[in-house]
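S.K.: Line order of the protein sequences matches chains E and F.
The working numbering applies: residue 408 is where the first sequence begins, and numbers increase by one.
The working numbering applies: residue 2 is where the second sequence begins, and numbers increase by one.
Don't read these hints as lab results, they were simulated from the structure.
Source: prediction; values computed, not measured.
The beta carbon of each residue, even a glycine, is placed where N, CA and C say it ideally should be.
Keep in mind that a hint or two might mislead.
[Said to hold, decoys possible] One-sided excerpt, in silico: chain F residues whose CB lies under 8 Å from chain E:
no., residue
1, 35
2, 48
3, 68
4, 93
5, 97
6, 100
7, 102
8, 105
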Amino acid sequence: ETGVTQTPRHLVMGMTNKKSLKCEQHLGHNAMYWYKQSAKKPLELMFVYSLEERVENNSVPSRFSPECPNSSHLFLHLHTLQPEDSALYLCASSQVASGSYEQYFGPGTRLTVT
Amino acid sequence: QKEVEQNSGPLSVPEGAIASLNCTYSDRGSQSFFWYRQYSGKSPELIMSIYSNGDKEDGRFTAQLNKASQYVSLLIRDSQPSDSATYLCAVASARQLTFGSGTQLTVLP
Numbered sequence: 408e409t410g411v412t413q414t415p416r417h418l419v420m421g422m423t424n425k426k427s428l429k430c431e432q433h434l435g436h437n438a439m440y441w442y443k444q445s446a447k448k449p450l451e452l453m454f455v456y457s458l459e460e461r462v463e464n465n466s467v468p469s470r471f472s473p474e475c476p477n478s479s480h481l482f483l484h485l486h487t488l489q490p491e492d493s494a495l496y497l498c499a500s501s502q503v504a505s506g507s508y509e510q511y512f513g514p515g516t517r518l519t520v521t
Numbered sequence: 002q003k004e005v006e007q008n009s010g011p012l013s014v015p016e017g018a019i020a021s022l023n024c025t026y027s028d029r030g031s032q033s034f035f036w037y038r039q040y041s042g043k044s045p046e047l048i049m050s051i052y053s054n055g056d057k058e059d060g061r062f063t064a065q066l067n068k069a070s071q072y073v074s075l076l077i078r079d080s081q082p083s084d085s086a087t088y089l090c091a092v093a094s095a096r097q098l099t100f101g102s103g104t105q106l107t108v109l110p
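One chain only, chain E, in its complex shape (with noise of 0.2 Å):
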């Protein structure tokens, strides 16, 4: 596997499921990203691992829970979420170091929420 991977590419699922989703970077970055793209809106910042320090968007709300086991793997646990989290999410890396902030991204998990 090259790049960064995620699983499942898509997900249906109730209001009241758990679920998570899975993010994997070979590209020996220090750092990861879950993003959130909703229709006609900017990509959103939910958020951010950076030499083992975590940064979140204070807007997110907590049924949104990120876990990040190590550099190279990153989830996103879901639960209870509403309609409106229908969106696709994105999970990115980078190397963080001087004057770089290149993202790179997976190829999204598209979710649907019933």
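Since chain E is already given, all that's left is putting chain F on it; use the hints.
M.R.: Just chain F now, kept in the frame of chain E:
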């Protein structure tokens, strides 16, 4: 609130023409600037990075940066139908990227 604004489009150009995509940003401390291409149903793909004022060329793509005017642009020369996509401008500061809403480009055969 850091903001990145793009001309919303959609933008249509004939095949072989130059497509011009524009972006302005609010954070004067921003140091790095990126253009991503996103095909429908796919994830964003990094196509250009620019860090200093002036032009940077890569094949048919030219990125232009003017930090004094807080302006970034992307020119696509000899546009092809395969260039039809949404182009996202992203600006880095505090080790995070802020994205614009994107400009949808259609290249007409």
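S.K.: Answer holds if the nearest beta-carbon of chain E is closer than 8 Å to that of residue 97 of chain F; otherwise answer violated.
M.R.: Hint on residue 97 of chain F: holds, closest Cβ of chain E at ~6 Å, below 8 Å.
S.K.: With a cut-off of 8 Å, does the beta carbon of residue 35 of chain F approach a beta carbon of chain E closely enough for the hint to hold?
M.R.: holds (7 Å)
S.K.: With a cut-off of 8 Å on the beta carbons, see whether residue 48 of chain F makes it to chain E.
M.R.: Residue 48 of chain F check fails; min Cβ-Cβ to chain E is 11 Å, beyond 8 Å.
S.K.: Take the shortest C-beta to C-beta distance between residue 68 of chain F and chain E; is it under 8 Å?
M.R.: violated (14 Å)
S.K.: Is the hint on residue 93 of chain F kept, meaning its closest Cβ partner in chain E is under 8 Å away?
M.R.: Nearest chain E Cβ about 4 Å off; hint holds.
S.K.: Identify whether the interface hint at residue 100 of chain F stands, where standing means a beta carbon of chain E within less than 8 Å of its own.
M.R.: With Cβ-Cβ at 4 Å, under 8 Å, it holds.
S.K.: Using 8 Å as the Cβ threshold, decide whether residue 102 of chain F counts as touching chain E.
M.R.: holds (5 Å)
S.K.: Under 8 Å, Cβ to Cβ, is where residue 105 of chain F needs to be relative to chain E, so tell me if that hint holds or is violated.
M.R.: violated (11 Å)
Checked against the numbered hints given earlier, this structure breaks hints 2, 3 and 8; the rest are met.
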